[in-house]
Amino acid sequence: MTPSEQAALEQALQQLDVPDDKAPEMAIQLDKRARQLAEQGERTYNQALLHLLNLMKTARDERNK
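Numbering (my numbering), first residue to last: 6 to 70.
Just so you know, these hints were derived from the structure itself, not from any lab. Among these hints, one or two may not hold up.
Distance condition first, Cα-Cα at most 35 Å in a straight line; then the derived DSBU-like pairs of lysine-lysine [unchecked claim]:
id	residue 1	residue 2
1	K27	K70
2	K70	K37
3	K37	K62
4	K62	K27
5	K27	K37
Please put together the full structure from these sequences, using the hints given.
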(Lines of atoms letter the chains of each structure in order from A and count residues from 1; the text may use other names and numbers.)
(Lines give C-alpha, C1' and ligand atoms only; values in the text may rest on other atoms or scores of the structure.)
Protein backbone atom coordinates (compact mmCIF):
# COMPACT_ATOMS: atom_id res chain seq x y z
CA MET A 1 0.00 0.00 0.00
CA THR A 2 1.42 3.37 -0.98
CA PRO A 3 1.47 6.25 1.51
CA SER A 4 -1.31 8.02 -0.41
CA GLU A 5 -3.43 4.87 -0.41
CA GLN A 6 -2.88 4.48 3.32
CA ALA A 7 -3.85 8.12 3.90
CA ALA A 8 -7.03 7.66 1.86
CA LEU A 9 -7.93 4.51 3.77
CA GLU A 10 -7.24 6.23 7.10
CA GLN A 11 -9.55 9.07 6.05
CA ALA A 12 -12.28 6.60 5.09
CA LEU A 13 -11.92 4.91 8.47
CA GLN A 14 -12.14 8.23 10.28
CA GLN A 15 -15.40 8.88 8.44
CA LEU A 16 -16.60 5.58 9.92
CA ASP A 17 -15.92 6.99 13.41
CA VAL A 18 -12.57 5.24 13.89
CA PRO A 19 -10.49 7.43 16.25
CA ASP A 20 -7.63 9.30 14.60
CA ASP A 21 -5.02 7.48 16.68
CA LYS A 22 -6.42 4.05 15.71
CA ALA A 23 -6.93 4.70 11.99
CA PRO A 24 -3.31 4.10 10.83
CA GLU A 25 -3.06 0.64 12.42
CA MET A 26 -6.56 -0.30 11.35
CA ALA A 27 -5.76 0.75 7.77
CA ILE A 28 -2.77 -1.59 7.78
CA GLN A 29 -4.89 -4.44 9.14
CA LEU A 30 -7.64 -3.87 6.56
CA ASP A 31 -5.05 -3.84 3.79
CA LYS A 32 -3.62 -7.15 5.00
CA ARG A 33 -7.06 -8.76 5.27
CA ALA A 34 -8.14 -7.48 1.84
CA ARG A 35 -4.96 -9.00 0.36
CA GLN A 36 -5.71 -12.31 2.08
CA LEU A 37 -9.24 -12.34 0.68
CA ALA A 38 -7.97 -11.47 -2.79
CA GLU A 39 -5.41 -14.30 -2.64
CA GLN A 40 -8.26 -16.74 -2.07
CA GLY A 41 -9.34 -15.82 -5.58
CA GLU A 42 -13.00 -15.08 -4.90
CA ARG A 43 -12.60 -11.32 -5.38
CA THR A 44 -10.09 -8.69 -6.34
CA TYR A 45 -8.20 -6.65 -3.77
CA ASN A 46 -10.43 -3.63 -4.42
CA GLN A 47 -13.59 -5.72 -4.09
CA ALA A 48 -12.29 -7.21 -0.84
CA LEU A 49 -11.40 -3.81 0.57
CA LEU A 50 -14.80 -2.41 -0.37
CA HIS A 51 -16.47 -5.42 1.24
CA LEU A 52 -14.55 -4.87 4.48
CA LEU A 53 -15.33 -1.15 4.52
CA ASN A 54 -19.02 -1.92 3.95
CA LEU A 55 -18.96 -4.32 6.89
CA MET A 56 -17.48 -1.58 9.04
CA LYS A 57 -20.11 0.88 7.83
CA THR A 58 -22.88 -1.57 8.67
CA ALA A 59 -21.44 -2.05 12.16
CA ARG A 60 -21.23 1.70 12.68
CA ASP A 61 -24.79 2.20 11.47
CA GLU A 62 -26.02 -0.49 13.86
CA ARG A 63 -24.17 1.14 16.78
CA ASN A 64 -25.71 4.50 15.98
CA LYS A 65 -29.33 3.33 15.90
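Hint-by-hint comparison with the structure:
With a C-alpha separation of about 23 Å, the suggested pairing of K27 with K70 holds against the 35 Å cut-off. Pair hint K70 plus K37 holds up; C-alpha atoms about 30 Å apart against a cutoff of 35 Å. The straight-line distance between the Cα atoms of K37 and K62 is roughly 19 Å, inside the 35 Å bound, and the hint therefore holds. For the hint linking K62 to K27, the alpha-carbon distance of about 16 Å falls within 35 Å, and the restraint holds.
Between K27 and K37, the direct Cα distance comes to roughly 16 Å. Compliance with the 35 Å bound is thereby established for this hinted pair.
Consistency with the previously given hints is maintained throughout, with no hint failing.
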